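Hey, can you work out the whole structure from these sequences and the hints?
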Amino acid sequence: QKEVEQNSGPLSVPEGAIASLNCTYSDRGSQSFFWYRQYSGKSPELIMFIYSNGDKEDGRFTAQLNKASQYVSLLIRDSQPSDSATYLCAATSGTYKYIFGTGTRLKVLA
Amino acid sequence: KAGVTQTPRYLIKTRGQQVTLSCSPISGHRSVSWYQQTPGQGLQFLFEYFSETQRNKGNFPGRFSGRQFSNSRSEMNVSTLELGDSALYLCASSLKQGEYGYTFGSGTRLTVV
Chain D
17 QKEVEQNSGP LSVPEGAIAS LNCTYSDRGS QSFFWYRQYS GKSPELIMFI YSNGDKEDGR
77 FTAQLNKASQ YVSLLIRDSQ PSDSATYLCA ATSGTYKYIF GTGTRLKVLA
Chain F
49 KAGVTQTPRY LIKTRGQQVT LSCSPISGHR SVSWYQQTPG QGLQFLFEYF SETQRNKGNF
109 PGRFSGRQFS NSRSEMNVST LELGDSALYL CASSLKQGEY GYTFGSGTRL TVV
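Taken in sequence, the protein lines are chains D and F. For the first sequence, the tail end lands on 126 under the numbering used here, and the numbers increase by one without skipping. For the second sequence, the tail end lands on 161 under the numbering used here, and the numbers increase by one without skipping.
Hints are not guaranteed to be accurate.
As the list claims (entries may be wrong) - If you only want the chain D side, here are some residues facing chain F, beta carbon under 10 angstroms, derived:
(1) SER59
(2) LEU62
(3) ILE63
(4) PHE65
(5) LEU81
(6) ALA84
(7) LEU104
(8) PHE116
(9) THR118
What the hints assert, rightly or not - Beyond 10 angstroms from chain D on every Cβ pair, some chain F residues (computed):
(10) ILE60
(11) LYS61
(12) GLN66
(13) GLY76
(14) HIS77
(15) PHE108
(16) SER154
For the record, the hints were derived by calculation from the structure and aren't laboratory data. Quick caveat: nothing in here was measured; it's all calculated off a predicted structure. Just so it is clear, CB atoms sit at the ideal spot from N, CA and C, and this is done for glycine as well.
Rendered as C-alpha cells:
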C-alpha cells in the first residue's frame with residue numbers, strides 16, 4: 017500500500033514565525049509532489065508543486081524535496097493567522113494518480 | 049474564468065438508492081479526477097478521465113463509476129448506496145493529467161441515511 021504520511025497536528029506557531037510542515041512517502045517511483053491548503057469547510061487549493069531535489073520558493077512558501085530520504089516539507093515564513101488551515105501533501109503514484117496524506121492542521125496564533 | 053463547478057452541493061439519500069454527481073471543469077481542461085474525502089481516510093482517489101477515457105482508477109468497488117463527455121464534463125455514479133459512502137466528493141480538473149496540480153471544485157456533500 018503506497019502511502020503519504022503527515023503528522024495530523026495541530027501545529028501551533030506564533031504569528032510571524034516559520035511554520036514547518038513535513039511529509040514522507042513510501043513510493044520510490046513518485047516523481048511529483050504537491051502541497052495543498054484546505055480551509056475548514058472549503059476545498060483544497062494548490063499552493064505549489066516540486067519535482068526536483070532541493071528547494072523551491074514562491075513568496076512566503078518554500079517546498080523542499082529529498083528523494084533519497086523520501087521526504088517533502090513546506091516552510092511558511094512570516095506566518096499569519098490567515099495561514100491557519102489544513103495542509104495536504106500529495107505524491108504522484110503511477111501515471112498522475114495522486115496519493116494524499118491526511119493533512120497537518122496548522123494554527124497560527126495572533 | 050469560471051472555476052470547477054460541482055452539482056449538487058448537498059444530497060441526502062437512503063441506503064440502497066443510487067446517486068449521480070456532476071462536474072464541469074475549467075474551460076479548456078480535459079482532465080477530470082474524482083476524490084472522496086472523509087475525516088478518517090482523508091482524500092481517496094476514485095478515478096481520472098482524460099479525453100473521455102478513464103485513465104486511472106482507485107481502489108473502490110464497482111458500485112462507483114464515472115464517465116466523461118465530449119465537452120469534458122464528467123459525472124460520477126454510486127449505486128446501491130451504503131452508510132459508509134457518506135462523504136464529500138470532490139472533482140478536480142487540470143489541463144494535462146495533473147502534471148501541474150489540480151483545481152478542485154467546491155464538492156458535493158453526500159449523506160446516506
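Results for each hint:
1. SER59: holds (4 angstroms)
2. LEU62: Result: holds, 4 angstroms to nearest chain F Cβ.
3. ILE63: Because about 9 angstroms separates D:ILE63 from the closest Cβ in chain F, which is inside the 10 angstroms limit, the hint holds.
4. PHE65: This hint holds: D:PHE65 lies near chain F, its Cβ roughly 5 angstroms from the closest one there, short of 10 angstroms.
5. LEU81: violated (15 angstroms)
6. ALA84: Given a least distance of 23 angstroms, the restraint on D:ALA84 is violated.
7. LEU104: Nearest chain F Cβ about 7 angstroms off; hint holds.
8. PHE116: For D:PHE116, the interface hint holds, since the closest Cβ of chain F sits about 4 angstroms away, which is under 10 angstroms.
9. THR118: holds (4 angstroms)
10. ILE60: holds (18 angstroms)
11. LYS61: Per Cβ check, F:LYS61 is outside 10 angstroms of chain D; nearest 21 angstroms; holds.
12. GLN66: holds (24 angstroms)
13. GLY76: At roughly 17 angstroms from the nearest Cβ of chain D, F:GLY76 sits farther out than 10 angstroms, so the non-interface label holds.
14. HIS77: F:HIS77 is indeed farther than 10 angstroms from all Cβ atoms of chain D, at 13 angstroms.
15. PHE108: holds (13 angstroms)
16. SER154: violated (5 angstroms)
Hints 5, 6, 16, counting from the list given before, are not met by this structure.
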